[in-house]
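Colleague: Sequence:
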Amino acid sequence: MPKTTKSIQALFTIIILVIGWGGWFLLQRATPEMNICWYPYLPVTFWAMGMILTTVLEKINKDNPRKLVNIYMLLKLSKLVFIMIMILILFFNTTKDVRLILLGFFAVYYTIYLLLEFYTFYITEKKIKQHK
121 MPKTTKSIQA LFTIIILVIG WGGWFLLQRA TPEMNICWYP YLPVTFWAMG MILTTVLEKI
181 NKDNPRKLVN IYMLLKLSKL VFIMIMILIL FFNTTKDVRL ILLGFFAVYY TIYLLLEFYT
241 FYITEKKIKQ HK
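Positions in the sequence shown are counted from 1; adding 120 to them yields my numbering.
These are computed hints drawn from the structure, not numbers from a lab. One or more hints might be untrue.
Stated by the list, open to error - With a cut-off of at most 25 Å between alpha-carbon atoms, the simulated DSS-like pairs for lysine-lysine come out as follows:
hint: 1; residue 1: Lys249; residue 2: Lys216
hint: 2; residue 1: Lys182; residue 2: Lys199
hint: 3; residue 1: Lys187; residue 2: Lys249
hint: 4; residue 1: Lys126; residue 2: Lys246
hint: 5; residue 1: Lys182; residue 2: Lys216
hint: 6; residue 1: Lys247; residue 2: Lys182
hint: 7; residue 1: Lys187; residue 2: Lys199
hint: 8; residue 1: Lys199; residue 2: Lys246
hint: 9; residue 1: Lys249; residue 2: Lys179
hint: 10; residue 1: Lys179; residue 2: Lys216
hint: 11; residue 1: Lys187; residue 2: Lys126
hint: 12; residue 1: Lys246; residue 2: Lys196
hint: 13; residue 1: Lys126; residue 2: Lys216
hint: 14; residue 1: Lys196; residue 2: Lys182
hint: 15; residue 1: Lys216; residue 2: Lys196
hint: 16; residue 1: Lys246; residue 2: Lys182
hint: 17; residue 1: Lys199; residue 2: Lys126
hint: 18; residue 1: Lys187; residue 2: Lys216
hint: 19; residue 1: Lys249; residue 2: Lys182
hint: 20; residue 1: Lys182; residue 2: Lys126
To be verified - Label-pair restraints from in silico Cβ distances:
hint: 21; residue 1: Asn184; residue 2: Trp144; range: 38 to 46 Å
hint: 22; residue 1: Arg186; residue 2: Tyr239; range: 19 to 27 Å
hint: 23; residue 1: Phe145; residue 2: Lys179; range: 31 to 39 Å
hint: 24; residue 1: Leu131; residue 2: Glu245; range: 29 to 37 Å
hint: 25; residue 1: Asn213; residue 2: His251; range: 41 to 49 Å
hint: 26; residue 1: Lys216; residue 2: Glu245; range: 42 to 50 Å
hint: 27; residue 1: Tyr242; residue 2: Phe211; range: 26 to 34 Å
hint: 28; residue 1: Tyr161; residue 2: Lys187; range: 31 to 39 Å
hint: 29; residue 1: Ser127; residue 2: Met193; range: 23 to 31 Å
hint: 30; residue 1: Pro185; residue 2: Trp141; range: 18 to 26 Å
Yeah, the Cβ is synthetic: ideal placement off N, Cα and C, and Gly gets one too.
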């Protein structure tokens, strides 16, 4: 199990690359007539959010529990706002046929990101308890 920020980031990068390229391959096979130009933004967005999450959690001072909770909540809220903006952009800039496909892939990436987020928070809390 990865325990460092770099290993968590590497794991997340590999997962996003595999699912990103796999999703693109499936999309091209299932709907070759559709040119879904918005698809590459999905894995890149979630990869960037994962890198920001792990970097911020590594850099913050973990001695102050109140500050740590505030940072957790700020990360969750900023993720939610950013995701909602991205969904609206995708929804209004694509055709009806493409919307469902993109939103389906969006749900997959969001689920993967939530699992990474849970794992990252778990490792962070485990490190805090080991240091005390």
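Colleague: Hints first: check each against the structure and report whether it holds.
Modeller: To see whether the hints hold, each was checked on the structure:
Taken as a hint, the Lys249 and Lys216 pair is broken in the structure, with Cα atoms around 49 Å apart against an allowance of 25 Å. Only pairs whose Cα atoms come within 25 Å are accepted, and Lys182 paired with Lys199 is accepted, the gap being roughly 21 Å. At most 25 Å may separate the alpha-carbon atoms for a hinted pair to count; Lys187 and Lys249 meet this at roughly 16 Å. A threshold of 25 Å between alpha carbons decides the hint, and for Lys126 with Lys246 the separation of about 17 Å falls inside it, so the pair holds.
The hinted pair formed by Lys182 and Lys216 fails the criterion: a straight-line CA distance of about 46 Å is larger than 25 Å. This hinted pair checks out: Lys247 and Lys182 have alpha carbons roughly 9 Å apart, not beyond 25 Å. Distance check on the hinted pair: Lys187 and Lys199 sit about 18 Å apart at the alpha-carbon level, within 25 Å; holds. Proximity of Lys199 to Lys246 is assessed by CA-CA distance (about 23 Å); at most 25 Å being required, the pair is judged to hold.
Under the criterion of a C-alpha separation no larger than 25 Å, the hint pairing Lys249 with Lys179 is consistent with the structure, at around 17 Å. At roughly 42 Å between alpha-carbon atoms, Lys179 and Lys216 are farther apart than 25 Å, so this suggested pair is violated. At roughly 23 Å between alpha-carbon atoms, Lys187 and Lys126 fall within 25 Å of each other, so this suggested pair holds. A distance of roughly 19 Å separates the Cα atoms of Lys246 and Lys196; the hinted pair therefore holds under the 25 Å criterion.
Pair hint Lys126 plus Lys216 does not hold up; C-alpha atoms about 40 Å apart against a cutoff of 25 Å. Taken as a hint, the Lys196 and Lys182 pair is honoured in the structure, with Cα atoms around 17 Å apart against an allowance of 25 Å. Our distance criterion of 25 Å between C-alpha atoms is broken by Lys216 and Lys196, whose separation comes to about 30 Å. For a cut-off of 25 Å, the pair hint linking Lys246 to Lys182 stands: about 11 Å separates their Cα positions.
In summary, the hint linking Lys199 to Lys126 is supported, as the alpha carbons are separated by about 21 Å, within the 25 Å threshold. Between the alpha carbons of Lys187 and Lys216 the distance comes to roughly 44 Å, so the proposed pair goes past 25 Å and is violated. With a C-alpha separation of about 10 Å, the suggested pairing of Lys249 with Lys182 holds against the 25 Å cut-off. Distance check on the hinted pair: Lys182 and Lys126 sit about 18 Å apart at the alpha-carbon level, within 25 Å; holds.
At about 43 Å, the CB distance of Asn184 to Trp144 agrees with the hint of 38 to 46 Å. The beta-carbon spacing between Arg186 and Tyr239, approximately 24 Å, falls within the hinted interval of 19 to 27 Å. Against the hinted window of 31 to 39 Å, the Cβ-Cβ separation of Phe145 and Lys179 comes to about 36 Å, which satisfies the hint. Taken as a hint, the range 29 to 37 Å is violated for the pair Leu131 and Glu245, whose Cβ atoms sit roughly 18 Å apart.
The hinted window of 41 to 49 Å between Asn213 and His251 holds, with their beta carbons roughly 47 Å apart. A beta carbon spacing of about 43 Å between Lys216 and Glu245 agrees with the range 42 to 50 Å that was offered as a hint. Separation of Tyr242 from Phe211 is about 33 Å and conforms to the stated range, judged on CB atoms against 26 to 34 Å. At roughly 33 Å, the beta-carbon separation of Tyr161 and Lys187 lies within the given 31 to 39 Å, and the hint holds.
Separated by about 26 Å at the C-beta atoms, Ser127 and Met193 satisfy the suggested range of 23 to 31 Å. Here the CB-CB span from Pro185 to Trp141 is close to 41 Å, at odds with the stated 18 to 26 Å.
The structure does not agree with the numbered hints 1, 5, 10, 13, 15, 18, 24 and 30 stated previously, though it agrees with the rest.
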